[in-house]
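Heads up: the sequence lines are chains A and B, in that order.
Numbering-wise (our numbering), the first sequence opens with residue 34 and increments by one.
Numbering-wise (our numbering), the second sequence opens with residue 34 and increments by one.
Simulated from the structure, these hints should not be mistaken for lab results.
Hints may be right or wrong, so weigh each one.
Incomplete in silico selection of chain B near chain A, CB under 10 Å [said to hold, decoys possible]:
#, residue
1, Ser62
2, Leu119
3, Val144
4, Gly148
5, Thr149
6, Val216
What the simulated footprint calls covered on chain A by chain B, stretch by stretch (three residues with Cβ under 8 Å from a Cβ of chain B suffice, anywhere in the stretch; the number is not a length) [to be verified]:
#, segment
7, 48-61
8, 64-77
9, 113-122
10, 188-195
Fair warning: this is a prediction, and the values are worked out from it, not measured in the lab.
Where is the CB? At the ideal position from N, CA and C, for every residue including glycine.
Protein chains: 2
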Amino acid sequence: MRTRGPRRPGTQTLSRRQQIMRAGLAVFSSAGFHGASLRDIAARAGLSQAGLLHHYPSKERLLRAVLSWRDDKACRRLGDPPPDGLDLIHRLAERPTAASAREFVQLDVIVSAEGTSADYPVHGYVLERHARVLEMVRRSFERAAAAGELRPDIDCATAARIVVALMDGLQLQWLFRPDAADVEGDVRRCLQPWLTTGL
Amino acid sequence: MRTRGPRRPGTQTLSRRQQIMRAGLAVFSSAGFHGASLRDIAARAGLSQAGLLHHYPSKERLLRAVLSWRDDKACRRLGDPPPDGLDLIHRLAERPTAASAREFVQLDVIVSAEGTSADYPVHGYVLERHARVLEMVRRSFERAAAAGELRPDIDCATAARIVVALMDGLQLQWLFRPDAADVEGDVRRCLQPWLTTGL
DNA sequence: GTCTATATACTGATAGAC
DNA sequence: GTCTATCAGTATATAGAC
Numbered sequence: 034m035r036t037r038g039p040r041r042p043g044t045q046t047l048s049r050r051q052q053i054m055r056a057g058l059a060v061f062s063s064a065g066f067h068g069a070s071l072r073d074i075a076a077r078a079g080l081s082q083a084g085l086l087h088h089y090p091s092k093e094r095l096l097r098a099v100l101s102w103r104d105d106k107a108c109r110r111l112g113d114p115p116p117d118g119l120d121l122i123h124r125l126a127e128r129p130t131a132a133s134a135r136e137f138v139q140l141d142v143i144v145s146a147e148g149t150s151a152d153y154p155v156h157g158y159v160l161e162r163h164a165r166v167l168e169m170v171r172r173s174f175e176r177a178a179a180a181g182e183l184r185p186d187i188d189c190a191t192a193a194r195i196v197v198a199l200m201d202g203l204q205l206q207w208l209f210r211p212d213a214a215d216v217e218g219d220v221r222r223c224l225q226p227w228l229t230t231g232l
Numbered sequence: 034m035r036t037r038g039p040r041r042p043g044t045q046t047l048s049r050r051q052q053i054m055r056a057g058l059a060v061f062s063s064a065g066f067h068g069a070s071l072r073d074i075a076a077r078a079g080l081s082q083a084g085l086l087h088h089y090p091s092k093e094r095l096l097r098a099v100l101s102w103r104d105d106k107a108c109r110r111l112g113d114p115p116p117d118g119l120d121l122i123h124r125l126a127e128r129p130t131a132a133s134a135r136e137f138v139q140l141d142v143i144v145s146a147e148g149t150s151a152d153y154p155v156h157g158y159v160l161e162r163h164a165r166v167l168e169m170v171r172r173s174f175e176r177a178a179a180a181g182e183l184r185p186d187i188d189c190a191t192a193a194r195i196v197v198a199l200m201d202g203l204q205l206q207w208l209f210r211p212d213a214a215d216v217e218g219d220v221r222r223c224l225q226p227w228l229t230t231g232l
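Given these sequences and hints, build the entire structure.
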C-alpha cells in the first residue's frame, strides 16, 4: 500500500502514475495517438515498454488515462466552485502558466484533430468533450444574459459556438507563434460588442 | 507523352496523378501523416506501394504534393482575380460544396495540428501557410478599412487573428457536427459589429 | 511505369522469470 | 511490479525483372 499513496509534497520522487502521465502527455501531445510509441513513453517514464503495459494494458487505454488526467487538472484549475457567467468564459481563455502548458494545449489540438475521424480510438470521447464544452459555455452565456450583462439581441447558442471556435483557433495560433498571439485579449475584444457595459 | 497530358473532360479514367492525389487526400485527411500508410494510399490509387513510390519518392514528398495540389485547388476556387476586402473574407468562410469537401477540411485541420510540432516532416510548410493566411486576411481588412467599410477603431491585425481563429475553430465544429455548425453565418455575425454598415 | 521480392526497422502486445 | 525475450504484424524504402 505504501507505494500507492501520494508522496509528501516537495519530495523529489514522483508516483509511477505521475511519471507515466507526464511522459504520455509529452509524447501524445507532440505526435498524437498515431505517431506516439509506447516504447518512447515508457523510456521517458523510466521503465520498460512491458512495464508500462502492466499499468495500462493498451495504447488506447493509456491515452484515455492521460486525457482524463488532463480533464481532472483542467477542472481543478477552474477552482471550486467554478466561476459563473462571463467570469467562466474569461477564465477559459486564460493560458495556463505551468511549464507544461504548451503540452496541454497541443494535446488538446492534436487529439481534437485526430478525433474528427470516426475510427479514431477515442473518437467518442473527443465528440462528447466537444459537446460538453460547447454546452458549458452556452450556459455561461445564459447566466450572463439573465444577469443583464448581455445585449438582448445576442443568441446564447451562437455566442457559445463563436467563442469556443475562437478559443480553439487562437490556441492553434498560440502554438505557432506564442509571441504573436493574444488569446485572452482577442477573446475579450470579440466579446465586447455583445456586452451591455458601455466601454 | 500521351500518358502525361490531361484526358478529355468527361472521360472515365483519371490521370495517375489525379488518382494518387485523391487517394492521398482520403488517407492523409483521416489519419494524418503519422497514421497514414503508403500501402493504403497505393491500394486506393490502384497500384502497388512500390509503384506509388516511383511517382513520389517518399511519404513526406507525397504529403507535400497533396498539400500543394490542395493549395492550387483552393486558389482556383477563389477565382481569378481573387476577390478583395470583405468579399474575400466572406468567400473564405464558404464551405466547399464538392463531395470531397469534408476531406479537404479535415486535411487542413489534422495537418495544422500535427504541424505544431517542430519535428513534423512538413512543419515549415504548415508554419508558413499559417502566416500567409493571416497576412492575406489582414490585407483584406486593410482594404476594407481604406474603403470605409470598417469602423475606424478596429485594428486590422487583431481582426485578422480573430477571424482566422474563428474559421479554424468553426471548421472543427463543422467536422464534429455538420448539421449544428454554421461556419458562414457565424463568421458574418462575428464580423457585423465591426462594420460601418448600419444593419 | 509497374510489378514482385526483399531489406531493415519498428510497432503493440504477450509470456514467463524474478 | 518490473524485467527480458519474443511474436506477429506492419512500416518505409530499395533492388531488379519486365
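Practice task
Closer than 10 Å between Cβ atoms is the bar; does B/Val216 clear it against chain A? Give me holds or violated.
Solution key: Status holds, d = 9 Å.
Handout entry: Proposed interface contact between B/Gly148 and chain A, which counts if any beta carbon pair is under 10 Å
Key = holds (8 Å)
Handout entry: Given coverage of the segment 113-122 of chain A by chain B, checked by CB-CB distance under 8 Å (3 or more)
Key = violated (count 0)
Problem - 8 Å C-beta test of the segment 48-61 of chain A against chain B, three or more residues - result: Answer violated; 0 residues pass the 8 Å Cβ test.
Exercise for the section: Mind checking the CB of B/Thr149 against every CB in chain A and telling me if the closest is under 10 Å? Expected result: holds (4 Å)
Exercise for the section: Examine the segment 64-77 of chain A: at least three residues should have C-beta closer than 8 Å to a C-beta of chain B. Expected result: holds (count 5)
Practice task
Go through the hint on B/Leu119 and say holds or violated, using the shortest Cβ distance to chain A against 10 Å.
Solution key: violated (17 Å)
Exercise for the section: Using Cβ atoms only, decide whether B/Val144 comes closer than 10 Å to chain A, and label the hint accordingly. Expected result: Holds, about 9 Å.
Problem - Coverage assertion for the segment 188-195 of chain A with respect to chain B, Cβ distance below 8 Å, three residues required - result: Contact hint for the segment 188-195 of chain A vs chain B: holds, 3 residues under 8 Å.
Handout entry: Hint check: 10 Å Cβ-Cβ cutoff, B/Ser62 to chain A
Key = With a minimum Cβ separation of about 8 Å from chain A (threshold 10 Å), the hint on B/Ser62 holds.
In this structure, the hints that do not hold are numbers 2, 7, 9, in rising order.
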